[in-house]
Amino acid sequence: MTNTAAQNAAGLAEAFAKSAATTDRSGYPAEQAAQLAQAGLFKTHAAPFSVQAEGLRALGQVCGASAWFAATGGAAVAHAAKTSAEALAEIGAGDRFCTIASAPQSATLTRSGGGIRLDGVWPSVGGLDHAEWVILDGVRDGDQIVSVIAPISALKASDFLYFGGVRGVKWRKLEASAIEIPPHRIGAKLDASARLDPLIGAVLGGAEGVYTLYTTATKARISGVGGHAVARFTQVQARLAESHADLKVCRALYAALLSAADAGEADAETQRDQAYIVRTAMAAANRLLSQMGAMGLSETNPVQRQYRDLRVFASAPSFNWDASFAAFGRAVLGVEDASRAA
Amino acid sequence: MTILATQRGASPSPLDLIAAAEALGPKLRARAAETEARRSLPRETIDDLFAAGLMRYFVPRRLGGYEMDWGVQIQIGRTLARYCASTSWIACVVGSHSAYVARMSPEAQDDVWKDSIDVVISTGSVMRNVSVAEAKGGYILNGRWSFSSGVDHASWVLMRASITNDHRQSYFLVPRSEFTIEDDWYVSGMSGTGSKTVGVKDTFVPAYRVISMTQMMAPNPPGAAVNDSVVSSASFRLFAGSALLGPIWGGAEAVLNEYRALMAQGAAGQDVEDPQCLLRIAEAAAEIATAGRLAEGLIDRQVQAALSAVKVPKAERISNVFERTYSARLCVNGASRLVNSLDTAAISSDAPIQRYYRDLLGMVQQIGVNWDRNMINGAKAMFDLPTDIPDLNAD
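As given, the protein sequences belong to chains P and S, one line each in that order.
Numbered according to our numbering, the first sequence spans residues 1 to 342.
Numbered according to our numbering, the second sequence spans residues 1 to 395.
Hints are not guaranteed to be accurate.
[To be verified] The list that follows gives simulated cross-link-like pairs (lysine to aspartate or glutamate, EDC-like), each with its CA atoms no further than 20 Å apart:
{"hint": "1", "chain 1": "P", "residue 1": "K173", "chain 2": "S", "residue 2": "D350"}
{"hint": "2", "chain 1": "P", "residue 1": "K156", "chain 2": "S", "residue 2": "D350"}
{"hint": "3", "chain 1": "P", "residue 1": "K173", "chain 2": "S", "residue 2": "E34"}
{"hint": "4", "chain 1": "P", "residue 1": "K219", "chain 2": "S", "residue 2": "D372"}
{"hint": "5", "chain 1": "P", "residue 1": "K43", "chain 2": "P", "residue 2": "D337"}
{"hint": "6", "chain 1": "S", "residue 1": "K201", "chain 2": "S", "residue 2": "E134"}
{"hint": "7", "chain 1": "P", "residue 1": "K170", "chain 2": "S", "residue 2": "E34"}
{"hint": "8", "chain 1": "P", "residue 1": "K170", "chain 2": "P", "residue 2": "E180"}
{"hint": "9", "chain 1": "P", "residue 1": "K170", "chain 2": "P", "residue 2": "D191"}
{"hint": "10", "chain 1": "S", "residue 1": "K114", "chain 2": "S", "residue 2": "E34"}
{"hint": "11", "chain 1": "P", "residue 1": "K170", "chain 2": "S", "residue 2": "D350"}
{"hint": "12", "chain 1": "S", "residue 1": "K314", "chain 2": "S", "residue 2": "D228"}
{"hint": "13", "chain 1": "S", "residue 1": "K136", "chain 2": "S", "residue 2": "E107"}
{"hint": "14", "chain 1": "P", "residue 1": "K82", "chain 2": "P", "residue 2": "D159"}
{"hint": "15", "chain 1": "P", "residue 1": "K43", "chain 2": "P", "residue 2": "D191"}
{"hint": "16", "chain 1": "P", "residue 1": "K156", "chain 2": "P", "residue 2": "D191"}
{"hint": "17", "chain 1": "S", "residue 1": "K311", "chain 2": "S", "residue 2": "E283"}
Quick caveat, the hints were computed from the structure, so don't treat them as lab data.
This is chain S alone, in the form it adopts within the complex (with noise of 0.2 Å):
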């Protein structure tokens, strides 16, 4: 992966990085069925992934950050996720969230990271009964938001909505002692995330920490006048959607990793010798490996496209949300192959393969990489028909 060669002499390395992802992994592999237990992440994990640095990739440079290029994380989730795929998600996809906030006013980033740059920062995007109404000096907030992954152990967190009769969305940044959490996370995979349902009423968020869905995305936001790197100051919706490869990846992988040690082992029906089970495993393996060489390939073109600066062609957009969708289905009938063959150890609680596998259903659900929606909509600009994703709408 270039990503990885790019980062200009940058202390710690990316690989440093994931060499120190790697090295927490038998830990995170022996807490996962606790943290599925407890539906959130332990909070020594949490501290494990500050002390190895795995949340500081996207902070800025000027704040004590790492600040490094797009395709870190992902790298970083892709690993994590061999061990605990929860974990990998609040690493991968919650860490990236400081790239956001590295895009607001640098007002806004002083107000998260003054005190620590150790934080997570989660984010509320299904919104439930929200109003937003313009007060002085800011806005009055109120509403509950769902899916709000690390919740558990988040300073602040991102929410979106609309200003009240303006269809346009921005994202409200909220500290810690202004929203509550609902206890209503009970899924069948992903549990540890803890993507519990937050909550504000009649809070007050000052202008500096809102920030335009529209100057987010742009080229140049608020926190480009401060921060320099590519995720801070390029079009964001060149990266859409791809951190959330990372975690899928690892996550397979984690599952053909399971299914090869059950393999080793002479599992019932699971023999090194039979014809079968060679075939299958081969099958799975070539199909995760070819959903990891795409994502990698997708990133790649994402990262040089915000390193040059050019205007990626409609036609290359559309692939590329058809890639990443396609990548995590390859994954999803790679890892599917090898559970369907299982008998008892696909569902009992004491074979991790189980819990991968939950979990990498689990992940597949999120919209970034839901098939219907990005396969219709993809197929529909490519015939120039207005689409649910905004940058398949531009020439």
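Chain P extracted, bound-state conformation (with noise of 0.2 Å):
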């Protein structure tokens, strides 16, 4: 991806945003699938972070199952490209979606007679209708869990209802039984541990699209009780208030999270400060949804629409909040193992 990529991702972004509530009720477009490929949004690999963060903030504004399928597909050829490059070849090289799946219910790989078979399931995987290829991740070989790369015709996909949001990608079950995996079409494991994830973007876009939704609706709304204009409640504006500092803080402490990415000076701190991010955001969205009563539990509300979708970025691994802050904790306190004692 390169600079004019991300800007790429700012120009679809308009685009998305009209299409953001049928995407998420009937599925995610196949040109709009096509639309992030040609913008080079799946080749992420080469690219630097802030470039990777910016683009998925972008899409994330507006509507969460772009921000998805950019931030899946750039994690899919980054990760074929260290398993071989025959692999990365096989799955289009980013000219086309390759999706992942995680967190499997049970996944081996079993070798016999030369052979390596694979069985598994796993209960939720999006993007299925646009790729041709998953990463499958979690797949314990021996003593070890690696990954695995597969054509879905292999697999059996089956319905799965998701209620957690970013429902445009269609989550789906799937199922591999006794699947030849060719030697080069495994990798290691996908990491999910604690680092910086350029899907922070995505999360900030996703709160300040919440925002920006929540703000609309607001200078519109009419108390159920009462019928009085709701942007006339002092507590109203008050709480929009705070969620505006807490997004400038995000956006301050993201700036300098992306200026040490890029210059490969990312620490302790700012694997910290991602995870605080992540929480401070969260809580400017909190915030705001709750303030609209029992019309923030309407699924066709777009600002419900934006924090669905919002909530599944920040659950990504990578921002896991005790890891994060007591690595931070080591660092300064100098120790150097993450044993614990209470």
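Two chains, two separate frames, one set of hints: put the complex together.
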């Protein structure tokens, strides 16, 4: 991805904003997936961290599913590149979308008679409608956990009722039964530990989107009881300001994080700040959604949709609060290992 | 909770009903995902609640019900919410509507329960284009009402409305044959309550099936002529809002229980040997337990006030509003502390904690525990300013 590609993401955002509600209801349009590919958004592995994050932020501000496709497609190509050149070529090297399945219920490689066979179940996998290949993570291979790249046509996909968010990616259950896997498609386990993750852009963008949508809705909102203009309520005004201040803090920390990441100077403090951005952005969004009362529960409310998607991004393992904060404490205190004591 | 010991040798006893709720729990938990997806309680769940007697607690004794004191349903609601918040809401909050009917005229009571005492009575409180015209022997009702929980299974709906040119509100009791249901309940939490919009068009409601809000809330309403429980005869304002606390408390406990299970399983980032996780679960458990104690104390005082028929001082009424609202907030704080520390378990459909949490967030949007409304109005009452909560305006 280049800076031009990041700008392309911002350019796509305007059109994607208009289709976000339909996408959430009916699934991600094939032409949008193609537009993401053409914009270079699946070729992220060589780009600076800031370019990756800013692309996801631009998409996350308006359409969670688009940010998810870009983040997943980019991560898949980066991982395939580390697995083997042959595997990278097979998945299209970023010219097409490749998806990722993580957190299996069970997944095992069996080596016998010179062949390697895969069995496993991944309960919630998104983007299958627009991918030919999937990276299946969390596979037990003897005493190791690895990832495996497989053609989706070899797996069984079934409907999976998913309420969490980013519904436009159409989450499905994926099952592998004695699929033959060539060695060049076996790679290391995906890194899900606390680390700097360009998805932080989607988190910030998602929270900014909540703020924008909430503000628009509140300007026009009349209270269900009493028929008053909600914008005139002092507590509503004050909470809006508090969330705005939260997001301003997030943006300041985010800018510093991008600079440190691009300069190769990220440290435990940068990692801690990333987790802090996520928590603060969530607090800003939570405050606004709660202010909407029962209206905030409605599935068709754009603020609710944007919040659902944000929540999915904020749940990424790389944003783990405990790990990030304890690591910073260890760095300050000069404790090298992560052994625990109360 | 002292209320459970004051039921005058009833059979079944309140503890019997709570045990019945507990026994239903695993079945409800197994159905919880389906309940959410259907956006309504499955028929078999309603039948299970009826069979266990869990909707009879306020039905008059003279008609075969249990006519118990306030608070029983809250403990039932708490118990059920540990398994399925939507079922808890129907059993506790919607089930409490029997008390409204028990305060209405004996004829209205007979209409509702003449064929069966196992009946769902829904309400319509949030009005949309409602009008009421006087007619011979009653009223002609038109309009729509949002958020009518459990209405798919309701035989009756109590619709709140004002007679045209009169700002005072009344309840109008309307049978299933007279109202329509709009399938508009698509929400992120409490989906299983099926709180859809109901509507009526030129529906005649006889006068005996109408009760003014003033009569409904005051001591000795029409129903007190034939029912003698405090729920049927005492000031109904005493109990305002507290029924919500059972499902909310139990809903927070459900989150706590699920988080504890995740820790015990060693889910990613949730480790029983990590002091951060231990501190987190301890703090959340303390918050949720404190919320429960606050709720129990409030309900005990409400019941004692009803039994003694002593006027509750204004300062205590204000405090009651603060306490029920703060109890709900403590529940959310405790649950949020846990859920915000999770990664994929917080969003994956096959992890029940995410549904319990979404349900909890849905429940606290109910106006009875709405933070801004209750705290601001309670504080206004401290300065004798007019409020939107009628019970706080009286001296």
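Hint-by-hint comparison with the structure:
1. P:K173 - S:D350: holds, 11 Å
2. P:K156 - S:D350: It holds: about 19 Å lies between the C-alpha atoms, which stays within 20 Å.
3. P:K173 - S:E34: holds, 17 Å
4. P:K219 - S:D372: holds, 19 Å
5. P:K43 - P:D337: violated, 35 Å
6. S:K201 - S:E134: This hinted pair holds, its Cα atoms lying about 15 Å apart.
7. P:K170 - S:E34: Since the Cα atoms of K170 of chain P and E34 of chain S sit roughly 19 Å apart, the hinted pair holds (cutoff 20 Å).
8. P:K170 - P:E180: violated, 27 Å
9. P:K170 - P:D191: violated, 24 Å
10. S:K114 - S:E34: The hint is violated at about 33 Å.
11. P:K170 - S:D350: holds, 15 Å
12. S:K314 - S:D228: Outside the cut-off at roughly 27 Å; violated.
13. S:K136 - S:E107: holds, 18 Å
14. P:K82 - P:D159: With a Cα-Cα distance of about 31 Å, the restraint between K82 of chain P and D159 of chain P is violated, given a limit of 20 Å.
15. P:K43 - P:D191: Between K43 of chain P and D191 of chain P the Cα gap is close to 18 Å, so the pair holds against 20 Å.
16. P:K156 - P:D191: Violated. K156 of chain P to D191 of chain P sits at ~26 Å, over the 20 Å cutoff.
17. S:K311 - S:E283: violated, 37 Å
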